[in-house]
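> Next come the chains, spelled out residue by residue.
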Amino acid sequence: MPANRFNGFTKYGVGIGLRVPHYQHILEKKPVVDWFEIISENYMVDGGRPLAVLDQILEQYRVVQHGVSMYFGSAEPPNREHLRRLKALVRRTNTPWLSDHLCWGSVDGTYSHDLLPMPYTWEAVRATARKIREVRDFLEVPVIVENVSSYAEFHVSEMTEWQFLTEVVEAADCGILLDVNNIYVSSRNHTFDPYDYLYAVPRHRVAQIHIAGHSKYQKYILDTHDHPVIDPVWRLYARAIELIGPTATLLEWDDRIPSFNEVHNEALKANRFVARAVEAVS
Amino acid sequence: MNLDQIQRDMFEAVRTPLTSTERMKPRTLEGRSTREIANRVIKPNDRLTSVERLEIYNRQYWFRLISTFTDDFPGLRAITGAHAFEKIAVAYLADCPSRSFTLRNLGSCLESWLRDNPEYIRDVETIALDMVRLEWADIEAFDGSCAEKLTEDDLPALGEDPSFRLQPYIQLLDLSFPVDELLLHVRRRQDVVPFSSNAVNAQHRTKLRRSALPAPEKIYLAVYRLDDSVYFKRLDSEAFALLDALRSGLPLSRAIEISVPYVNRPLDRLTSQMRDWFSNWASLGWFTKSTSGTDH
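Chains as they are written, first to last, in my numbering: chain X, 1 to 282; chain V, 1 to 296.
Some hints could be false.
[Said to hold, decoys possible] Covered, in the sense of this in silico footprint (three residues per stretch, anywhere, with C-beta under 8 Å from a C-beta of chain V), are these stretches of chain X:
{"hint": "1", "stretch": "46 to 55"}
{"hint": "2", "stretch": "74 to 86"}
{"hint": "3", "stretch": "117 to 129"}
[Unchecked claim] Below are the BS3-like pairs computed for lysine-lysine, each with C-alpha atoms no more than 25 Å apart in a straight line:
{"hint": "4", "chain 1": "X", "residue 1": "Lys269", "chain 2": "X", "residue 2": "Lys29"}
{"hint": "5", "chain 1": "X", "residue 1": "Lys269", "chain 2": "X", "residue 2": "Lys11"}
{"hint": "6", "chain 1": "V", "residue 1": "Lys289", "chain 2": "V", "residue 2": "Lys149"}
{"hint": "7", "chain 1": "V", "residue 1": "Lys218", "chain 2": "V", "residue 2": "Lys289"}
{"hint": "8", "chain 1": "V", "residue 1": "Lys289", "chain 2": "X", "residue 2": "Lys219"}
{"hint": "9", "chain 1": "V", "residue 1": "Lys87", "chain 2": "V", "residue 2": "Lys25"}
{"hint": "10", "chain 1": "V", "residue 1": "Lys43", "chain 2": "X", "residue 2": "Lys219"}
{"hint": "11", "chain 1": "V", "residue 1": "Lys87", "chain 2": "X", "residue 2": "Lys216"}
{"hint": "12", "chain 1": "X", "residue 1": "Lys87", "chain 2": "X", "residue 2": "Lys11"}
[Said to hold, decoys possible] Derived DEER-like restraints, expressed as beta-carbon distance ranges:
{"hint": "13", "chain 1": "V", "residue 1": "Arg23", "chain 2": "X", "residue 2": "Arg256", "range": "54 to 64 Å"}
{"hint": "14", "chain 1": "V", "residue 1": "Gln190", "chain 2": "X", "residue 2": "Leu27", "range": "16 to 26 Å"}
{"hint": "15", "chain 1": "X", "residue 1": "Phe9", "chain 2": "V", "residue 2": "Glu36", "range": "45 to 55 Å"}
{"hint": "16", "chain 1": "X", "residue 1": "Lys29", "chain 2": "V", "residue 2": "Ser229", "range": "46 to 56 Å"}
{"hint": "17", "chain 1": "V", "residue 1": "Pro216", "chain 2": "X", "residue 2": "Arg130", "range": "30 to 40 Å"}
{"hint": "18", "chain 1": "X", "residue 1": "Lys216", "chain 2": "V", "residue 2": "Thr49", "range": "17 to 27 Å"}
{"hint": "19", "chain 1": "X", "residue 1": "Asn261", "chain 2": "V", "residue 2": "Asn2", "range": "42 to 52 Å"}
{"hint": "20", "chain 1": "X", "residue 1": "Lys30", "chain 2": "V", "residue 2": "Asp228", "range": "15 to 25 Å"}
{"hint": "21", "chain 1": "V", "residue 1": "Arg99", "chain 2": "X", "residue 2": "Asp196", "range": "32 to 42 Å"}
It should be emphasised that the hints constitute simulated quantities derived from the structure, not laboratory data. By construction, the Cβ of each residue, glycine as well, lies at the ideal position given by its N, Cα and C atoms.
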């Protein structure tokens with residue numbers, strides 16, 4: 001199940017995000033890492049250090065692209081310059097699949113640079129699925145969409161978030177980047193059972209999983225990616241792996257970034273659950 | 001409400017500048033009630049009102065943009081001081097919100113915006129504009145495109161009066177203050193690693209001492225890249241004029257004619273000086289094989 005048409009029939013293990021503070025360590029020490037995820041927008045430039053480092057990384061490692069500003073859910077059409085640069089990067093990295101978020105974030109070409117939550121309506125399902133298809137057809141690479149953490153819900157919503165996710169990926173015929181930390185964060189912010197969400201996800205479409213840490217505030221949780229993964233999220237991950245099978249997994253750590261080894265060791269904890277899932281299957 | 005209207009209303013509220021205590025303002029920039037928008041669009045829950053939930057996004061929008069802006073313009077912040085800098089950031093970002101999919105371009109209009117709004121840099125206008133030009137040039141030089149370098153073997157094919165093309169990443173600046181030294185000083189006091197992610201931004205505030213400002217001094221600067229690092233190189237006025245003329249596409253003879261006066265100067269010294277310049281520039285890889293001009 002994990003190697004499927006949504007992740008280019010690959011079997012990637014546990015990766016981490018490629019981040020600037022770790023460049024020197026990676027290039028000098030060449031640590032063994034299953035794969036790196038890059039934020040596409042950081043490398044959609046004309047030249048210089050970002051691309052020079054990326055090219056060195058590509059010589060030794062497998063790289064998968066993850067975007068933060070395609071905004072599949074924005075009511076406006078895709079930005080053509082964005083698509084053109086993204087396609088050039090896809091050719092450079094040879095990414096087996098490409099992910100971005102099930103969210104919106106721009107209006108009339110003005111960008112929020114945030115992952116704003118979708119109203120879960122049938123109109124939004126149709127518009128979002130249409131845009132995902134358009135982007136995938138242009139890029140000629142499998143596109144998968146990630147569920148986001150959210151802090152608000154809309155009066156107009158006609159379904160749950162997991163129903164919305166399912167409807168969109170079915171209509172677009174695309175894969176899912178299942179972020180179990182985001183499921184947990186949203187479940188606390190909106191008071192639902194995260195396992196209801198997990199059990200409803202179309203498993204055959206899950207191409208990759210994200211794990212991360214977050215920050216608790218008095219009345220809500222923020223998806224800050226600046227802490228280790230907490231036990232309830234690991235338990236959710238373990239159950240996801242049991243249901244879906246061993247799946248390419250990526251730890252996100254984007255703020256107050258510790259040493260490379262600390263980030264990598266935190267990510268490798270996922271292997272315990274993957275091993276159990278493999279045992280269970282065999 | 002349809003998708004388009006929901007997104008327009010919510011975004012209008014999200015991009016409303018925060019109050020001095022970092023809360024959502026009662027009115028958007030267009031004058032509409034943020035409370036009315038929140039109540040109409042966002043559902044409350046058992047812990048947060050509609051306004052409070054919308055306010056989370058409003059705060060994150062400004063935290064993220066101001067954080068990026070601060071990372072990009074530490075030199076301007078050192079000149080104006082933190083308080084005035086934050087006022088500039090909010091006013092600029094309210095007038096010129098991001099029109100790019102990447103935060104890299106957030107400050108692309110800052111110089112022209114400050115020229116139109118000089119009240120934000122009163123008393124430090126010239127040095128502040130110099131610094132903004134330098135900091136934007138630094139961003140452009142960092143990741144601008146690099147064309148194939150011109151080598152000695154390529155020279156015969158250029159003809160008798162060649163048009164030398166400069167690397168697109170090279171930025172030429174004539175400045176009224178030595179802001180290059182000031183910026184290097186500011187950077188030594190801090191360590192900035194900007195990059196995009198999809199994490200929510202926590203508000204990081206760094207303490208800042210407003211820098212002592214240097215005396216005016218006319219300088220000519222090339223901002224360039226070597227081995228993927230950006231450097232500032234001071235040039236004398238004639239070398240700067242010559243590079244500027246070459247960048248505009250003039251053939252060598254005409255570029256020299258308008259930038260290097262011959263009057264009362266020994267020809268051999270002039271020739272020797274120009275040979276040194278070109279040798280140095282070529283060793284830095286500043287000339288390209290391209291004959292179609294640069295982006296500038």
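> All hints, please: hold or fail.
Do the hints match the structure? See the list:
no., hint, in the structure
1, 46 to 55, "holds (count 8)"
2, 74 to 86, "holds (count 5)"
3, 117 to 129, "holds (count 5)"
4, X/Lys269 / X/Lys29, "21 Å, holds"
5, X/Lys269 / X/Lys11, "18 Å, holds"
6, V/Lys289 / V/Lys149, "6 Å, holds"
7, V/Lys218 / V/Lys289, "32 Å, violated"
8, V/Lys289 / X/Lys219, "61 Å, violated"
9, V/Lys87 / V/Lys25, "16 Å, holds"
10, V/Lys43 / X/Lys219, "15 Å, holds"
11, V/Lys87 / X/Lys216, "30 Å, violated"
12, X/Lys87 / X/Lys11, "23 Å, holds"
13, V/Arg23 / X/Arg256: 54 to 64 Å, "25 Å, violated"
14, V/Gln190 / X/Leu27: 16 to 26 Å, "24 Å, holds"
15, X/Phe9 / V/Glu36: 45 to 55 Å, "51 Å, holds"
16, X/Lys29 / V/Ser229: 46 to 56 Å, "21 Å, violated"
17, V/Pro216 / X/Arg130: 30 to 40 Å, "58 Å, violated"
18, X/Lys216 / V/Thr49: 17 to 27 Å, "20 Å, holds"
19, X/Asn261 / V/Asn2: 42 to 52 Å, "50 Å, holds"
20, X/Lys30 / V/Asp228: 15 to 25 Å, "19 Å, holds"
21, V/Arg99 / X/Asp196: 32 to 42 Å, "40 Å, holds"
Going through the hint list in order, the structure does not satisfy hints 7, 8, 11, 13, 16, 17.
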